[in-house]
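Make a model of the complete structure from these sequences and hints.
The letter at position 56 of the sequence shown is residue 56 when you use full-length UniProt numbering, and the numbering goes up by one with no holes.
It should be emphasised that the hints constitute simulated quantities derived from the structure, not laboratory data.
It is possible that part of the hints are untrue.
Unchecked claim - Pairwise CB distance ranges (calculated): (1) R116 / D25: 41 to 49 Å; (2) A37 / A97: 37 to 45 Å; (3) S59 / D25: 32 to 40 Å; (4) Q111 / L34: 32 to 40 Å; (5) P55 / I19: 29 to 37 Å; (6) D79 / Q111: 35 to 43 Å; (7) D78 / E56: 16 to 24 Å; (8) H31 / P96: 19 to 27 Å; (9) R30 / P54: 34 to 42 Å; (10) G80 / R107: 18 to 26 Å; (11) R107 / D79: 16 to 24 Å; (12) M1 / P27: 38 to 46 Å.
Claimed, not checked - Straight-line Cα separation of at most 20 Å, DMTMM-like style, residue types lysine to aspartate or glutamate; simulated pairs: (13) K103 / E26; (14) K103 / E56; (15) K103 / E63.
Cβ coordinates follow ideal geometry from the N, Cα and C atoms, glycine included.
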Amino acid sequence: MFTAALLDLVQQSGEGVLILVDGLDEPEFRHSRLTRAEVRRLLLVVARTLDALPPEARSAMPEIDLDGWRVVARAVLDDGPGADDTAWFAAISLLPATLGWLKLYRREAPQLFDYRP
1 MFTAALLDLV QQSGEGVLIL VDGLDEPEFR HSRLTRAEVR RLLLVVARTL DALPPEARSA
61 MPEIDLDGWR VVARAVLDDG PGADDTAWFA AISLLPATLG WLKLYRREAP QLFDYRP
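Spelled out as structure tokens, the structure:
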């Protein structure tokens, strides 16, 4: 049940990012302070939530790039010059791949998404 809640949070936060960047190109993303801040916040939620998954859930989803998400979390928290580059990459590449894998796992391993104890 705990895993299902975490995966739902990843899904919801990820969809929020996709909505925010829909139709934007990279220069528009960089010029929108509010969008960048919210995208970075939601990406951090995704990264931290994936990091909080139980070990058995992580091993059941080997295609999810957990190391990549740890890099995203560090970069977004660091707020250095590469934070926006990392956020943009995560929003247009890493996140869609992650959500795609979650969709597949929802079909192939439904027990991960089951709220029953």
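Hint numbers contradicted by this structure: 2, 7, 10, 11, 13
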